[in-house]
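Going line by line, the protein sequences match chains A and B. Counting with UniProt numbering, you get residues 1 to 203 for the letters of the first sequence. Counting with UniProt numbering, you get residues 1 to 203 for the letters of the second sequence.
Hints in this document: simulated from the structure, not taken from any laboratory. Where is the CB? At the ideal position from N, CA and C, for every residue including glycine. Any given hint could turn out to be false.
[To be verified] Listed next, the stretches of chain B that the computed footprint assigns to chain A, with coverage defined by at least 3 CB atoms under 8 angstroms from CB atoms of chain A:
id, stretch
1, 56-70
2, 105-119
3, 143-153
4, 187-197
The chain contents come next:
Protein chains: 2
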Amino acid sequence: MPSPSRGKSSRRNEASRRAILDAALALGREKSYAELTIEGIAARAHVGKQTIYRWWPSKGAVLCEALMDLDAADERDTTAGSPESDDLAADLRRTLSAAAADLTDPHRSEALRSLAAEAAMDPALTAAYGTVLDGPGRDAALHRLRRAREAGQIDGDTDLDIAVDLLWAPMRCRWLYDQGALDADFTDTVVEVVLKGLGWTRD
Amino acid sequence: MPSPSRGKSSRRNEASRRAILDAALALGREKSYAELTIEGIAARAHVGKQTIYRWWPSKGAVLCEALMDLDAADERDTTAGSPESDDLAADLRRTLSAAAADLTDPHRSEALRSLAAEAAMDPALTAAYGTVLDGPGRDAALHRLRRAREAGQIDGDTDLDIAVDLLWAPMRCRWLYDQGALDADFTDTVVEVVLKGLGWTRD
Chain A
1 MPSPSRGKSS RRNEASRRAI LDAALALGRE KSYAELTIEG IAARAHVGKQ
51 TIYRWWPSKG AVLCEALMDL DAADERDTTA GSPESDDLAA DLRRTLSAAA
101 ADLTDPHRSE ALRSLAAEAA MDPALTAAYG TVLDGPGRDA ALHRLRRARE
151 AGQIDGDTDL DIAVDLLWAP MRCRWLYDQG ALDADFTDTV VEVVLKGLGW
201 TRD
Chain B
1 MPSPSRGKSS RRNEASRRAI LDAALALGRE KSYAELTIEG IAARAHVGKQ
51 TIYRWWPSKG AVLCEALMDL DAADERDTTA GSPESDDLAA DLRRTLSAAA
101 ADLTDPHRSE ALRSLAAEAA MDPALTAAYG TVLDGPGRDA ALHRLRRARE
151 AGQIDGDTDL DIAVDLLWAP MRCRWLYDQG ALDADFTDTV VEVVLKGLGW
201 TRD
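Using the sequences and the accompanying hints, generate a full structural model.
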């Protein structure tokens with residue numbers, strides 16, 4: 001990513017950065033991950049390959065940042081946000097539905113799938129993928145479960161990282177292997193079974 | 001796969017088939033999926049590329065069958081098998097532990113991971129992967145849950161395909177993205193939370 005600086009050169013950097021990320025997203029939608037190349041991104045963005053390599057180590061890193069940027073823009077667009085309520089089940093259903101909507105959004109689904117596949121093979125990208133793309137939703141779920149535990153609403157002894165896996169992984173695997181719909185029936189059932197398994201009962 | 005026939009030609013076919021599958025497994029352990037090629041498999045197996053293409057459409061299909069063969073051989077070796085008992089939790093823990101042992105077996109872990117990543121990108125392989133590699137364990141879990149439902153041991157209304165996702169996907173995602181151990185603590189917790197969520201109580 002271009003380091004912050006001032007003046008004309010900074011504006012040129014930002015314009016190049018934006019062009020590179022847009023090119024990566026566009027090509028991520030049109031091509032398979034294997035077909036996506038730094039050369040192709042450079043050509044589409046009208047920059048030299050070296051400009052890309054100066055800022056990112058791999059095509060996966062470029063795509064990861066492009067998708068992260070898209071997420072950030074989305075959050076700015078969403079005036080409602082995802083405020084936490086007093087209803088644990090409703091909060092988790094909202095978090096899962098938002099993630100499911102991201103995964104199935106036609107503007108990013110193919111790029112996300114490519115990245116998810118590549119991340120399974122590349123430890124550097126695994127970490128970036130986990131942190132950037134999976135992380136925020138998982139963190140929100142973990143935070144919400146902790147709050148419920150502090151309020152004595154769920155069992156005190158279950159490993160909450162595993163509880164988050166139970167909420168998150170079924171959606172992730174269904175999507176990755178096209179094994180079923182990510183509709184409200186699905187996410188609602190996941191939340192219902194997991195919360196019951198954690199000893200939660202609606203007040 | 002060579003079609004069944006008789007005599008010398010059949011034995012030659014079987015020897016070539018065995019050599020190709022062994023070569024695919026060996027290379028699957030040594031190389032990344034991207035580096036694995038039909039040419040490489042043919043060279044290692046001392047057969048022509050056309051021999052491979054006559055029987056399999058892609059390197060993924062070869063690797064898939066090689067891993068399936070390995071599973072079948074394992075099952076023949078296992079005298080104990082996985083008999084069902086009257087203890088639902090114990091049966092599911094055994095099914096999950098066996099799958100976790102497969103995923104972390106050093107002889108097949110890398111090849112399985114490559115295939116899992118590739119299957120996410122290739123619909124033909126997704127189906128093969130789902131049927132051949134994920135299928136048997138998921139089917140065993142589904143079958144066991146159905147028996148429990150018939151016996152009135154779990155809730156009657158939860159979609160059992162989602163219940164199987166809940167048992168299976170956390171292990172699958174942890175393994176794919178290296179997000180934690182697949183030890184007994186993990187599989188036991190998954191089984192415990194899901195069964196409680198399905199309304200199961202030990203008699």
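* To do: Between the stretch 56-70 of chain B and chain A, see if three or more residues pass the 8 angstroms beta-carbon test, and mark the coverage as holds or violated.
  => Not satisfied, violated; 0 residues make the cut.
* Apply the coverage criterion to the stretch 187-197 of chain B and chain A: a residue qualifies when its Cβ sits closer than 8 angstroms to a Cβ of the chain, and three qualifying residues are needed. => holds (count 8)
* Are at least 3 residues of the stretch 105-119 of chain B within less than 8 angstroms of chain A when you compare beta carbons? -> It holds, with 6 qualifying residues against the three required.
* **Within 8 angstroms of chain A (C-beta), three or more residues of the stretch 143-153 of chain B** => Since 0 is below three, the answer is violated.
Of the hints listed earlier, those the structure fails to meet are numbers 1 and 3, in rising order.
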